[in-house]
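Same order as they appear, the protein sequences are chains A and B. FYI, in our numbering the residues of the first sequence are 1 to 567. FYI, in our numbering the residues of the second sequence are 1001 to 1567.
If you are wondering where the hints come from, they were derived from the structure by calculation, not from laboratory data. For clarity, every value in this text was computed on a predicted model and none was experimentally measured. Every residue, glycine too, gets a C-beta built ideally from N, C-alpha and C.
Here chain A is said to cover these stretches of chain B; the calculated rule only asks that three of the stretch's residues, wherever they fall, bring their Cβ under 8 Å from a Cβ of chain A:
id	stretch
1	1031-1038
2	1198-1207
3	1244-1257
4	1287-1300
5	1306-1314
Once the Cα atoms are required to be at most 35 Å apart in a straight line, the calculated DSBU-like pairs of lysine-lysine come out as:
id	chain 1	residue 1	chain 2	residue 2
6	A	Lys338	B	Lys1196
7	B	Lys1280	A	Lys280
8	B	Lys1553	A	Lys2
9	A	Lys50	B	Lys1196
10	A	Lys20	A	Lys50
11	B	Lys1422	B	Lys1439
12	B	Lys1177	A	Lys350
13	B	Lys1196	B	Lys1177
14	B	Lys1192	A	Lys2
15	A	Lys177	B	Lys1196
16	A	Lys6	B	Lys1192
17	B	Lys1338	A	Lys192
18	A	Lys553	B	Lys1002
19	B	Lys1002	A	Lys196
20	A	Lys2	B	Lys1196
21	B	Lys1236	B	Lys1338
22	B	Lys1177	A	Lys6
23	A	Lys236	B	Lys1020
24	B	Lys1438	B	Lys1503
25	B	Lys1006	A	Lys196
26	A	Lys20	B	Lys1236
27	B	Lys1020	A	Lys177
28	A	Lys50	B	Lys1192
29	A	Lys350	A	Lys338
30	B	Lys1192	A	Lys20
31	A	Lys402	A	Lys483
32	B	Lys1050	A	Lys192
33	A	Lys351	B	Lys1177
34	A	Lys196	B	Lys1177
35	B	Lys1196	A	Lys333
36	A	Lys366	A	Lys402
37	B	Lys1177	A	Lys333
38	B	Lys1366	B	Lys1483
39	B	Lys1333	A	Lys196
40	B	Lys1006	A	Lys192
Number of protein chains: 2
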Amino acid sequence: MKTLLKGGTLVNVFTGETEKANILIEDEIIIGVGQYDDAEADITENVEGKYLCPGFIDGHIHIESTMLTPAELAKMCVPHGTTAIIADPHEIANVCGTDGIRYMLEASEGLPLHVYIALPSCVPATPLDESGAILSARDLQPLYDHPRVVGLAEMMNFPGVLFNDEDVIQKIRDARKRRKTVDGHAPSLSGKSLDKYIAAGIQSDHECSSAEEAIEKIRKGQWVMIREGTAARNLKELLPLFEAPYNHRCLLVTDDRHPADIDGEGHIDHIVRLAVQNGKSAITAIQMATIQAAQCFGLSYVGAIAPAYRADILVLNDLDTVDVCDVYASGVKVVNHKQICDFSSPEVDKKLLETVKNSFHIEPLKPSDFYIAEMDKACRVIRVIPGQLVTENQICDIQWDKNNGIDTEKDILKLAVLERHKNTGHKGLGFITGVGLKKGAIASSVSHDSHNLIVIGTNDEDMAIAANRICQTGGNVVVADGKVLAEMKLPIAGLMTEESGKKIAAENEAVRHAVDMLGVSDGIEPFMNMAFVSLPVIPSIKMTTQGLVDVNKQERISLYCDETDEA
Amino acid sequence: MKTLLKGGTLVNVFTGETEKANILIEDEIIIGVGQYDDAEADITENVEGKYLCPGFIDGHIHIESTMLTPAELAKMCVPHGTTAIIADPHEIANVCGTDGIRYMLEASEGLPLHVYIALPSCVPATPLDESGAILSARDLQPLYDHPRVVGLAEMMNFPGVLFNDEDVIQKIRDARKRRKTVDGHAPSLSGKSLDKYIAAGIQSDHECSSAEEAIEKIRKGQWVMIREGTAARNLKELLPLFEAPYNHRCLLVTDDRHPADIDGEGHIDHIVRLAVQNGKSAITAIQMATIQAAQCFGLSYVGAIAPAYRADILVLNDLDTVDVCDVYASGVKVVNHKQICDFSSPEVDKKLLETVKNSFHIEPLKPSDFYIAEMDKACRVIRVIPGQLVTENQICDIQWDKNNGIDTEKDILKLAVLERHKNTGHKGLGFITGVGLKKGAIASSVSHDSHNLIVIGTNDEDMAIAANRICQTGGNVVVADGKVLAEMKLPIAGLMTEESGKKIAAENEAVRHAVDMLGVSDGIEPFMNMAFVSLPVIPSIKMTTQGLVDVNKQERISLYCDETDEA
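Just chain A, with the same shape it has in the complex (with noise of 0.2 Å):
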């Protein structure tokens, strides 16, 4: 099966030149760039006017944080010419091991978006968080004969690194063993810790926000991944990377970007069109997102379109705008003026897919199982501050005999973690101020990294509600008051949904009414911000299944203040 594409300009990442060319494709694979006029094909396209350029590759994101399968993510991102992913199943893999890695491989197969797999590096983040799975070394072995497994994902735990801990070195070893490379995550790190952390074989970081610990980065032989997500947006800071020696170190990613970002804003296509906004060249842009990923992971064959390259090809109306116009995958056009068409969604094991969409192993909950045991001294507060994932301790007196302690005049609220995997049992209770809800309480199956089950109510009745909610639906985000207000359904691991990218926006549209409706404090989107009060890597004070951790002190404390807290 041949096809030609008669007439279009050639975006050629080798050189950065651009060059009118016909373009032959037999099967998924390029057979000829140039004058190929006469060439007999099956199907001939006039792309003339138009300008040719490889599918984005999107070099670090977590499927998760899309709440999509990798098969609706597909219809989302690829109309907008990402053609190829590097995906870390971190969150998967938190709740449901390898079987979580193993369902992101089987329900990624033979997509339009080809899904490549980086290994997640840290699951648990840290042994503070009771997670799904505990993944060591020895559990990656295996994962690594997969043919779309290309590297060890972001290896946040740079302690680990710098102190030499065993499982954490063996599993850069075993990456590297296999060629394979080996991604970053030391956010600031700098100078001899830098140094030792590089060392060890750790070859990208998408953690830079200045174009200065960029430059150190790659000046020490880093690939540097400019990340334009959702929450974290680094473009404007590493602007000055788009010129020259530091561009061809460079890739493009979004690492965690919301679904209705994606549809409004776009994907890497996005990244590229802002880098142009500001006054850089697209072609460097392009080279980014496209062979610059495929060099940084090894990807032969990808990332350029050239004889024997995968026929992953973006028709463009303009280079500026990047306004992807039809998209090429393997060959196939899989976009048509802007309209994904249809494609046979990959078929998962039954079992597997039971296990992913039964990851909820918890007891039904009471309104006294939320009851705190009231004590003579101030509690530890846990203040969550507008538009950051760090949080504060606030010290307070809580007054118990009104609600046990919750105070919706002053804002103090209660806040539950519940150990869900494994239905110890286990719990952490305590006090949330800065969310704002007036009544009502909300729920999610969505709390970093380990993704237990998180409650932030008024009261303890509608917070039982909630959290059984969630129960029932093997994962979800809920809103309640009295009943059930609103909620969006993600009974994959409680991460994931296998509905569309515009039926998730419309529910988190609506569980974002329902939420507003009990009162939130300006700035603060209460579920992110739950998501993120449960993760005890990010300072200085979060809410585990075991209760209270200081992170700076990586330990746990008391609700109850002693005489060592400061006030």
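Given the structure of chain A, go ahead and fit chain B onto it with the hints provided.
Below, chain B alone, put in the same frame as chain A:
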């Protein structure tokens, strides 16, 4: 064991910048680059005023062309800054098959010169050749498991690629499956034929003789290897590649280089120097010679001075003359003030060594073995051309009654190619002109690519003396006149010696002197010309063990003319 290089100026091959930086090495790995003035180290070297750059990598070399073992080659080229080579053991494989490749791997284990192997793709070079081994895809497959096997070497059989020869395609498929680099060899191929050749997966080319040819190949995604060997010297024509946007897709190679040239002019350092002398940037050339060669072959952590990288480091007195003072290989100082330090030679398995040292399987020869049956017809005589490997077909009337057709006055000498691998008794006999010997005979066990026994003589007696000397010694280059006048012993597969480069250069000098005494035409390098008279892939007429071959038609032809011959 820690080593600190203090006060030098680093050539950063990622950015092309130079910067003052201390370098801290632990064992074989660079662990720090930057502010390490106060670092504790077992050895501290003051390199103030010096430049530090990564060790050079030769992207394509035939070790056999140097006639040296890997260890002796290391002694010659490491002082010139070459710390890694990608070697194609094509010649020894033609003699000894996979044993030859295994010998090369064992004989290069643990050297200060890191020897990577690309597996020979075309053994024999053509089915018209009678080599010691035929290597199919299946024969090569197990060799990929060796950690230093990084690719499939120059795919010379481009008709095989263009016409989908099953075994040729399988060899490429095997390399691709294992994510190894597939090297090309396609002089002058362009347009649609080039597309088809590249589309099979061929990723590089070292045969470009013009910038135009090279730029087409770069645009089509190939790495272009800029070659400067002994016979083939392409640098001057390819100088435009040292400029953007082409420079980032090039590397530097020697292919075939005589030890006298390595000793006299240099190795990869010579190519860098030549580029600088021609007005190009030393840093650009160094990038080609280091990180880009590593990228071409997917060698991670090699080719740069950065944390995690193997500590292959050159201390240069000067950047523009690339004057190599000291060399570190895997963190060990192996060249000190231009002097190579002692290192132990690898132990080769005794049985394997015996095999490669006993590659001659042929009965002793008598003068009568060189007798040519007289026939009353004109003969096809091979004409050699000064400075070229191509030959011409010259039709001559032979005076049979006088010395069985030899006529030194008319410069018609006898030529014999005798099968020597399997004692088949196959031999090709005929005549050659242009060499100019007046007396005696010369013989060699180096005759591309099958390396049968080749002899040129002014009489049958001296031909037998020279040929028998080679058979006795198991490989040799011999000049004889009544007795052996001079020789250069090549006992390993008839191609290489365990002696030093200095010794082989001296022997080579003696051989040249002796052959000059026999009388040689101007511009003829008799052994070089003779070595290619047997290679039936270079136009236009060649001698094989089964007689003459018309290279253009790729068919055997008779010594005796028929009516189809042109005058």
